[in-house]
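A.B. asks: Can you make the complete structure from the sequences, with help from the hints?
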Amino acid sequence: MNANGPVRVAFAGAGKSFGAVRALSDVDLSVRAGECLGLIGHNGAGKSTLMQVLAGTLAADCGQLLIEGRDLRQGYSVQVARQHGIRCVFQELSLCPNLNVAENTRLMSPALRGFGWRRRAGELIEAMLEQIFPGHGIEADDIVADLSIGKRQMVEIARAFINVDERLDLIILDEPTSSLDARVAEQLLRHVRRFAEGGGSIVLISHILGEMLGTCDRIAVMRDGRIVETRAARDFTHDSLVEVMGGTAREQQQATEDFASRREQGSPRVEQRPARQADGRTVQAFAGEIVGLSGLAGHGQSQLLTQVLRDCVKHGSGASFVAGDRQTDGVFALWSIAENITIGSLNQLKRGLLLNPDAEQAMADDWMKRMSIRTPDMSNPILSLSGGNQQKALFARALASDSQIILMDDPMRGVDVGTKREVYSILMEEAARGRTFIWYTTELEELTYCDHVYVFRDGQAVLDMPRSELSEERILRSSFAEETP
Amino acid sequence: MNAPLNSVARAPVAARNNAARRARMLRAALPAVSLVVLLATIFIMQPRAMSYMGLNLMLNLAVPIALATIAQMLIISVNDLDLSMGSFISFVACVAVTLLDQHPFLGWLALAGCVGVYAVLGALIHSRNLPSIVVTLGMSFIWVGGAILLLPSPGGTAPQWLQALVRIKPPLIPLAIIVCIVLGLAMHFFLMRSTVGVVLRGAGGNPLAIAKAGWSLLRIKVAMYAMAGGFGVLSGLFLVGLTTSADANVALRYTLLSIAGVILGGGEFVGGRVSPMGAVLGALTLVLAGSLLSFIRISPDWQIGAQGAILIFVLALRAAVNRMEVRPL
Amino acid sequence: MKSRRHPLRRSLLCAALAVAPLMALPDASHADTADKKIALSNNYAGNSWRQLMLASWQQTTDKAVKDGLIASADSFTTAENQATEQAAQIQNLILQGYDAIVINASSPTALNGAVKQACDAGIIVVSFDGTVSEPCAYRISMDFKQTGIEQMDYLSERFPQGANVLEVRGLAGVSVDERIHSGITAGAQKHPNLKVIGEVNGNWSPTVAQKAVSGVLPSLPKVDAVVTQGGEGVGIAQAFVAAGRPLPAIIFGNREEELSWWKKQSDTQGYQSFSISSGPSISSLAFYVAQQLLDGKQMPHDLLSPAVTVTQQTLDASLKDLPKGGIVSETYSVDDVAKLKPAASL
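From first to last, the protein sequence lines stand for chains L, E and P.
Oh and the first sequence: position 227 is 209 in the working numbering, straight run, nothing missing.
To convert a position in the second sequence, counted from 1, into the working numbering, add 8.
To convert a position in the third sequence, counted from 1, into the working numbering, add 83.
I should point out that these hints are in silico values taken from the structure, not numbers from a laboratory.
Think of the CB as a built atom: it goes at the ideal place given N, C-alpha and C, for glycine as much as any other residue.
All the pointers check out, no bait thrown in.
Using C-beta positions, here's what the derived DEER-type ranges look like:
(1) H297/L to V278/E: 31 to 37 Å
(2) I189/E to D384/L: 58 to 64 Å
(3) N137/E to E163/P: 31 to 37 Å
(4) T290/P to W116/E: 49 to 55 Å
(5) V45/E to A315/L: 35 to 41 Å
(6) V278/E to D359/L: 25 to 31 Å
(7) M53/E to V148/P: 19 to 25 Å
(8) E163/P to R101/L: 46 to 52 Å
(9) K407/P to G313/E: 25 to 31 Å
(10) G153/E to S416/P: 45 to 51 Å
C.D. replies: See the structure below:
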């Protein structure tokens, strides 16, 4: 690991405010040539803001942005960043869904022009995808809208590594693995190491501590807009990282021991056969249960949730849905946070024929406290929140409603550990009150909260495990190949 | 061991991609298929239409509509909507039969000014973040007002050269068809195949991403609006060439026709999903649907309804095809 | 296609011209047009006048088809009352092979391109009501001046010893008002016994006319008669009643409510009057013009249509079939075509 290369980019006392909120204050941070720098912290700690400043999409208010020793803060822009070989893969996907993969590649590489640009762009992106994600199954003329979110992420990442007659020194990866399944994430991290060893610099932002510890040379921890700690990755442990971030190390789950099945009596509240299920097996969920759906990304878990939702709507029994793809399924982008929360519970908020604004306000404020949504005012637009806090608002919407069935489509994607923990405890609490949760998650750790776990492969539920039998190894095995349970 | 594992994991994904691709193909083919079906029906009902003169008569008024549809498509591809298209074209028509005929220099200046106004509109809508529907609705009154000032009562004369130009009778294929094909192909290559077109469409798909990639959204909008204005001018000129005179309301229905044409042609109101070929085909479909109803001799009381029914039918087919596009996870 | 049609058309025309003088006119209309098709291209059907106009077309052409005068005569109405739409419609009609197209146009000029195409294809184009300015087409317009003269003719006959006449005009500045007024003036010159003692604007509306007449009545001597432009008769009568003045002879405009009022007065008080206005059945007249042109008859391109009149004798008959809110309409026959007068210029 090369942690002693020359400093390529450095922040010195950089600061940035949005109105009264200080998003960054007095940040000192340097990135060296040939290193992978990890950046970690709570949602809203300022990681994305800092990286947007580096990428040129936001301007810092004060301090210095030194690139190769020169302060370029004044007049810094995306173009200047690109001229100095700095690129960013943003957290919110920045592909154009209406264009195909080759065309999206071209958007980032103005040097691709003239006759035959389309073919050349296609060859470049396919080669790069092959290099980073062997066996990716993406073609250059696939329209991005047709690709799953994981594949879009792969395209976005591969696109950033393509270099046509330009400098390419530093790539910022803002939660690149959040939509990737474990195997593909592993491929990416290997490529990141290769790139760093070849002399390039990477800034990696992730909430998955294991991949940060295993991939980065150094890790910088942010809290409340400041860098609070920068150390070599080998000097951190899982627990010490969490500690520095401001959380407390998680106690080992004791749940497996005190597991009590709720399936002894009564009938399931939800019973659904996956659309492509070949045998008669069904996914069941009882009152008070948290049911997990697992397996590789894109193997029919989300479709099952949609099926359940459709049936619930058809039978008039309420169900709430917490979306993972916030941008398309979740938030009403032009509405306030309060409106985004109360939209799921309008029936409870009626006074006569009209909505009661006081009740709306009260509900919003109540959930702001319960979910600790970090905002000065619930009537601010939802997009003023950071990604994790937006997700909390979506949880609040589902939990505030009176539905007994709550469906979750990988909702913790890109949410920091502290927030996750808060949400988990609320889930457990609500389940104890008799609500049913069906939860698709890509993080194996989250399955330990589930009473039953169904593993999906090729659109079918291939394995049903109660918590007492939960094992990571069995999940992985049945995700990949035939296994008789 | 590794290889079979991989293929098992990838099989459904590949299948889904293929399904999406098939649905996309179908969707792209739908405007052409509807047009062919419509044409075939017309030829069966009225064999006379299957001739040079027949096609020319049925389609020459489709050319200004196709041009207006292309203009509207440019606006729609950056997620805006132009509700002033019809009144703008009426205004252009009035300029063409008054100023352009009597004082050619002033006339051309005024038409160039029209394109300039569109460019300014684009800049205004982008920089002030105004809803395009409101701005263009306002503009529609201004255009109509201007048209009435120029030409208070119906009349005027289109310049002779213009009349001659739109009546050219090329051998074998009527002018209307040649213009439509050239228009569709040229716009297809520009918008769908060129690097500039990719950026322009990208601005409709994900404006933020385009901005982050370092392109100027302002310039994109200005360019799109100016081009839309240019096609509007062409549409108005072609129209008066055919009608030989104008009135202030001559093209009001083009606003809705152009929007319907874009949507019929496979475009969508948001997301930069448009198709120039489809838009031209959509415009032709709209015009031919009117002809067909007239040939079937549907009672006048029902014609409006029947025209709507054809539109709804084609769009319902579209919706059915859309459902085949499996929503990615 | 075009080149084949022209000689055919010309030879037909020549033949018809050669034969025409040899035949008695009424009978000549049959044989040659029995296989011809006429279309009506109409821009708008949204008011009662237009509905009556279409009904009249339907009635006349149904009979003509049954009698073998013509092969078919279909009507087409555009949906949105827009010139481009009607132009496309006319082009479709050309394609459908109609021999003549009768047009009630949405714009006097914007259809000229399509009309010219029709003429070039050898099709006879007759426009009425909303006429087109393309020279190759025929135009049938109401003879508004004549309606003014006829009103004065009636009054002169009714009051041989002389009368004071009040003139209620229409909307100031509109050409129709000017033309009817010029007819009244001409009538006054023609009949020196009639004296126009006052002039007000009634804007073709009963309520406006009532107000205007009430305002001017106190300053007027005895009024024997009122000439109008059609439609405001009842309002004028009410103004006289309200002022306690004896009812003059009011010329009506063929509206149902006017005729009903007239009938009531006539039944109770022996009231006598006269009614004249343009009729929506002008469409059937246009049909006969087209048919006669197809038959080879030569006519000037600009024609004036006569007005429809109701007299004391025809009042009961006119009122009998008139629906509430309707307008008296006359069903024309082929013979009326011969009575059309050429217009000097419009």
